[in-house]
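Chemist: Chains A and B are the protein sequences, given in the same order.
Take the first sequence: its position 462, counting from 1, is numbered 461 in numbering that gives the first Met the number 0, and each next residue is one higher.
Take the second sequence: its position 15, counting from 1, is numbered 14 in numbering that gives the first Met the number 0, and each next residue is one higher.
Worth flagging that the hints you see were computed from the coordinates, not collected in a lab.
In this text, a Cβ means the ideal position worked out from N, Cα and C, and glycines have one as well.
A portion of the hints provided could be inaccurate.
Example chain B residues on the side facing chain A (calculated, C-beta under 7 Å, incomplete) [unchecked claim]: (1) Glu394; (2) Ser604; (3) Leu608; (4) Pro627.
There are 2 protein chains.
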Amino acid sequence: MQWTKVLGLGLGAAALLGLGIILGHFAIPKKANSPAPQDLDLEILETVMEQLDAHRIRENLRELSREPHLASSPRDEDLVQLLLQRWKDPESGLDSAEASTYEVLLSFPSQEQPNVVDIVGPTGGIIHSCHRTEENVTGEQGGPDVVQPYAAYAPSGTPQAVNAAKHGIAGVLVYTDPADINDGLSSPDETFPNSWYLPPSGVERGSYYEYFGDPLTPYLPAVPSSFRVDLANVSGFPPIPTQPIGFQDARDLLCNLNGTLAPATWQGALGCHYRLGPGFRADGDFPADSQVNVSVYNRLELRNSSNVLGIIRGAVEPDRYVLYGNHRDSWVHGAVDPSSGTAILLELSRVLGTLLKKGTWRPRRSIVFASWGAEEFGLIGSTEFTEEFFNKLQERTVAYINVDISVFANATLRVQGTPPVQSVVFSATKEIRSPGPGDLSIYDNWIRYFNRSSPVYGLVPSLGSLGAGSDYAPFIHFLGISSMDIAYTYDRSKTSARIYPTYHTAFDTFDYVDKFLDPGFSSHQAVARTAGSVILRLSDSFFLPLKVSDYSETLRSFLQAAQQDLGALLEQHSISLGPLVTAVEKFEAEAAALGQRISTLQKGSPDPLQVRMLNDQLMLLERTFLNPRAFPEERYYSHVLWAPRTGSVVTFPGLSNACSRARDTASGSEAWAEVQRQLSIVVTALEGAAATLRPVADL
Amino acid sequence: MQWTKVLGLGLGAAALLGLGIILGHFAIPKKANSPAPQDLDLEILETVMEQLDAHRIRENLRELSREPHLASSPRDEDLVQLLLQRWKDPESGLDSAEASTYEVLLSFPSQEQPNVVDIVGPTGGIIHSCHRTEENVTGEQGGPDVVQPYAAYAPSGTPQAVNAAKHGIAGVLVYTDPADINDGLSSPDETFPNSWYLPPSGVERGSYYEYFGDPLTPYLPAVPSSFRVDLANVSGFPPIPTQPIGFQDARDLLCNLNGTLAPATWQGALGCHYRLGPGFRADGDFPADSQVNVSVYNRLELRNSSNVLGIIRGAVEPDRYVLYGNHRDSWVHGAVDPSSGTAILLELSRVLGTLLKKGTWRPRRSIVFASWGAEEFGLIGSTEFTEEFFNKLQERTVAYINVDISVFANATLRVQGTPPVQSVVFSATKEIRSPGPGDLSIYDNWIRYFNRSSPVYGLVPSLGSLGAGSDYAPFIHFLGISSMDIAYTYDRSKTSARIYPTYHTAFDTFDYVDKFLDPGFSSHQAVARTAGSVILRLSDSFFLPLKVSDYSETLRSFLQAAQQDLGALLEQHSISLGPLVTAVEKFEAEAAALGQRISTLQKGSPDPLQVRMLNDQLMLLERTFLNPRAFPEERYYSHVLWAPRTGSVVTFPGLSNACSRARDTASGSEAWAEVQRQLSIVVTALEGAAATLRPVADL
């Protein structure tokens with residue numbers, strides 16, 4: 000999801016998206032045969048924590064990443080079978096498991112006509128060619144299943160130029176600079192397999208589709224019978240041919256460019272001064288009037304992609320779902336992305352499944368495990384699943400937990416999520432020992448790396464907010480389900496790598512993880528324990544551990560940013576933030592009062608129906624922030640607090656964006672009307688949210 | 000909501016909408032002080048049936064219709080106070096009651112400059128004027144509070160023409176023909192106060208706004224702080240001046256018109272041959288080159304309009320709401336429309352409130368009584384209420400019951416509603432004696448007037464479907480809440496009147512009801528008992544009496560119509576109905592299986608949480624048919640089964656409409672793509688609905 004440096008060649012810039020996907024269907028549960036506990040059982044929790052086994056996670060990862068398993072490939076389908084087999088195991092499986100398949104539009108390079116990037120001399124002959132594949136450093140970078148580096152959904156075409164027309168960009172080359180990914184290192188002896196850094200030939204693949212979900216079936220599940228948009232009407236594909244290359248090849252191109260010096264922030268670690276073109280240096284490796292030819296032969300193909308879903312039926316409230324998921328498909332072997340997450344998914348389902356099959360335990364609520372397909376192409380499996388079961392999921396899902404890349408690095412936990420999940424993650428991580436030296440809890444270790452000063456709690460670990468980088472996106476943005484993404488990550492004092500260096504390359508292999516990312520797999524185990532504890536707390540606690548009052552801090556901070564950074568501007572245009580202030584205050588008061596009522600109830604012996612009603616208020620709060628009419632241009636984004644923010648002020652996104660657009664227009668313009676509309680949308684959502692937190696008979 | 004005959008005058012046609020409205024806010028409930036029954040208590044039901052008193056309904060009506068109470072008028076506000084007083088009565092009131100006010104855009108004729116319709120002679124002098132007010136026949140048609148007949152939201156202007164330009168229509172005159180409203184009768188001795196027929200001077204007022212809700216705040220509650228659309232950007236107002244007149248005046252104009260004879264279906268009972276113009280007859284009452292001048296001086300005004308809401312807190316599931324409502328505002332005295340409904344609302348709340356205050360009874364679920372404001376202008380109060388509390392209402396409302404005009408005539412019950420409410424209405428009406436001679440139940444009487452042959456039940460009374468004629472519209476179309484509208488109505492063998500003849504005129508008075516519509520008020524009592532029984536069954540039954548499998552008949556009939564009337568056409572364009580067939584079959588099977596599970600559970604002793612989960616499936620089924628992206632052009636209409644149907648085939652409206660538009664275009668056109676999209680939308684909704692009916696742990 001990050002931007003990489005882009006080599007202009009009569010060309011421009013493009014985003015490198017790191018996405019991916021999977022889905023499944025459902026089956027008939029057996030009869031309840033286990034005790035139905037009233038509340039979270041700490042002994043069971045302890046047992047689960049103990050049984051989550053680092054060695055088994057390692058073995059899962061070895062198997063999952065043994066072969067490349069690009070979405071819809073035969074190996075991807077093999078893994079579907081592997082998941083089904085595990086989840087149907089009589090000793091350690093779930094109540095039921097099923098695969099479900101969508102027919103989705105994917106994009107692949109042509110096997111007959113590989114994409115090429117050549118330098119063409121003045122007479123038309125090829126005088127230099129970029130590598131078509133990554134170097135076979137460990138024996139795993141070769142073979143027919145390693146997909147050639149490409150930019151998925153970039154159109155085919157053969158543009159040829161070198162910055163020929165500043166505003167007539169004909170194609171894009173993308174590369175990852177060693178300054179951004181390798182802490183500046185670039186020589187083979189400093190890179191994998193000698194370190195975790197990216198070898199010079201490594202190329203980051205990615206999807207260049209702007210939205211998410213199957214491109215042909217927006218808002219509809221990609222079942223065979225669904226209406227498909229005519230290809231000519233699909234929006235969100237890159238308009239021009241695009242190709243990623245390694246920094247080794249980028250150096251050949253970039254260090255030979257002519258023209259004015261690029262801005263300082265564009266300079267990197269390729270060992271030369273980066274220039275903007277046009278043309279090549281007279282004293283460089285190529286004739287000055289050489290050109291770059293980019294030939295892209297990507298093909299769009301309708302492919303079958305499967306999700307796998309496994310379920311543990313709840314003993315008491317089977318209609319409340321705790322959803323836990325990760326995608327299954329990778330670009331190549333994908334040991335880190337996504338198999339480090341899938342390895343944990345399998346270990347978690349094994350431990351819980353074993354307790355289930357032994358009759359030791361059955362959760363209060365249902366637990367659903369999901370292995371999504373085709374995430375890398377744009378969260379396709381998870382999105383299609385939410386489109387197919389929109390109402391059911393929206394009515395019944397307690398929370399969605401995503402563990403995609405489980406270990407980026409082994410320094411600290413990192414959690415992204417909506418405010419109501421903060422407390423359950425805190426509770427879980429305070430009770431789990433951190434890997435590494437010392438005797439810190441995951442929580443205490445975490446707070447050293449990411450923290451903030453909360454007006455309510457003082458210093459606490461800080462949760463990031465959810466963008467659209469993995470399969471949680473449709474759950475939070477489209478369905479309004481409280482969501483989180485959990486991983487172990489970097490010590491930023493030790494590396495500034497944008498992401499782990501072999502991300503989306505053929506070097507993301509088992510040995511890479513085993514040797515560099517997490518030897519001993521203790522960080523994997525830490526993430527498994529964290530996720531496992533969160534799952535158990537959400538599925539077994541009598542009172543749902545979603546603390547809705549934690550939204551108050553977010554709202555207050557958005558409000559303050561609006562007041563400080565937009566207040567004067569709005570006043571100038573006669574727009575008052577008064578109603579927003581009132582709405583935030585109302586929310587704060589109602590959330591606090593609800594918290595009080597919960598405390599009081601917890602001291603008594605409330606009956607299950609009373610608690611159910613309260614839990615419904617907690618579960619459904621996140622839905623009250625959805626407005627499918629708020630951002631008509633933003634596909635799937637309905638959450639008025641977490642929609643994409645393009646405005647610079649960190650406040651309610653609709654307000655921030657509208658102000659940013661209106662800023663230079665006159666009072667009374669349509670842009671200012673939109674500011675007022677966005678303000679009303681937020682106020683209405685907050686007032687509506689506060690109304691759902693009131694005692695239920697107050698209407 | 001019906002069309003009336005329109006007198007063209009260089010003019011055109013317009014719809015006469017019969018709408019209206021009221022809202023309230025909420026209060027803090029007291030502690031439970033009554034027994035909490037597990038299920039519907041038949042003794043309580045019997046008591047309520049007995050205590051609903053025709054005489055008290057009559058007295059309510061007398062008071063409610065004593066003065067004109069146009070939306071936002073002082074008398075309308077007086078009635079807000081009356082309702083609050085009744086609902087806060089310590090002996091017979093509810094747990095709490097509150098008024099809430101919206102600032103909404105209404106339209107009124109100018110008091111200084113009355114709207115006029117004149118015939119202007121060739122020299123420019125006025126040679127004939129239409130009546131500006133209705134004749135003061137009973138002493139109630141005079142006075143400043145009787146609003147001059149007008150077409151609300153029609154723009155001001157003074158067009159003058161007589162069919163001058165066939166395609167340059169400059170203004171519209173609307174009248175109600177005696178053939179349509181008076182069974183052909185038109186002389187004063189045959190009309191009110193000598194019969195129930197409309198006097199010659201009677202004029203039907205109405206709102207000519209195309210959508211519903213406050214015109215300035217679509218999708219936002221019309222609280223003072225909400226963003227308001229610039230008047231120039233409001234859509235849905237009539238484009239040209241429009242004025243309603245009585246048939247007495249219409250005769251003067253129409254019977255003097257020149258030109259070709261109007262089509263036979265346009266001829267009426269004014270005693271002459273209707274001609275199309277242009278110009279007047281040479282041998283008529285006016286010079287042939289006279290013109291008609293229409294001067295409309297309507298004004299748009301921001302006004303405060305209130306809803307009143309009263310609540311009986313549920314003893315066991317206070318977060319489940321049974322909503323019962325009617326509007327309060329009238330055009331003039333509004334004895335029938337809406338006070339005949341409000342008179343019942345007050346009697347129902349008195350009887351239930353008395354049981355409540357005595358400590359005899361408290362319902363399992365909460366009951367909410369609503370008196371909506373400004374319905375006549377476009378369902379404004381109810382719509383703003385649903386906009387303000389969208390999520391809360393959608394999550395928690397079991398059903399919405401509307402009783403607007405409670406008695407159109409005294410022959411038979413008439414119910415409009417979605418399929419799941421059929422069974423509860425049947426159960427209720429089988430147990431209540433019908434008014435009138437004989438010893439029939441309301442059900443047995445009803446089936447004589449409206450019936451159909453159900454494949455499941457045999458001959459049953461037939462429910463109508465819900466359009467947008469009263470305040471149920473936002474509940475069913477915008478929120479997807481199972482809704483119904485209940486009334487007593489005509490024996491169609493005795494009258495063909497489009498609606499009761501004094502509808503929306505100054506002749507809709509207490510005496511009119513008392514003498515002609517329902518002497519003795521036994522039909523009012525029958526409606527009160529029906530509504531009362533339905534309310535009790537919905538609020539007190541352990542298992543919700545919503546029979547979701549009754550949707551199967553509707554779906555099957557829509558499917559059959561699609562197959563029979565569109566199948567060949569679709570096949571021609573390579574569009575298969577196969578997926579729709581599968582989806583309907585799946586729905587049928589899942590609905591039947593759910594019915595089985597309910598029967599089994601009912602035989603055992605299910606715990607309340609089990610039943611709650613099942614009831615949630617029943618309550619929320621209707622929501623699964625909502626798709627806010629299905630009909631982007633149809634404001635508020637999200638229900639894929641009940642959206643407005645313009646196509647002639649009585650099937651899924653999106654499909655019907657899209658086919659009707661595509662019919663004459665080539666395969667591959669955008670119109671045919673839209674047919675496929677609409678088909679997929681319905682299939683997805685039905686598949687999603689079926690998924691919510693499955694056992695909850697099957698996902």
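Chemist: Now look at each hint and say whether the structure bears it out.
Modeler: Evaluation of the provided hints:
no. : hint   : in the structure
1   : Glu394 : holds (6 Å)
2   : Ser604 : violated (15 Å)
3   : Leu608 : holds (5 Å)
4   : Pro627 : holds (5 Å)
Violated hints amount to a single one, hint 2; each of the other numbered hints is respected by the structure.
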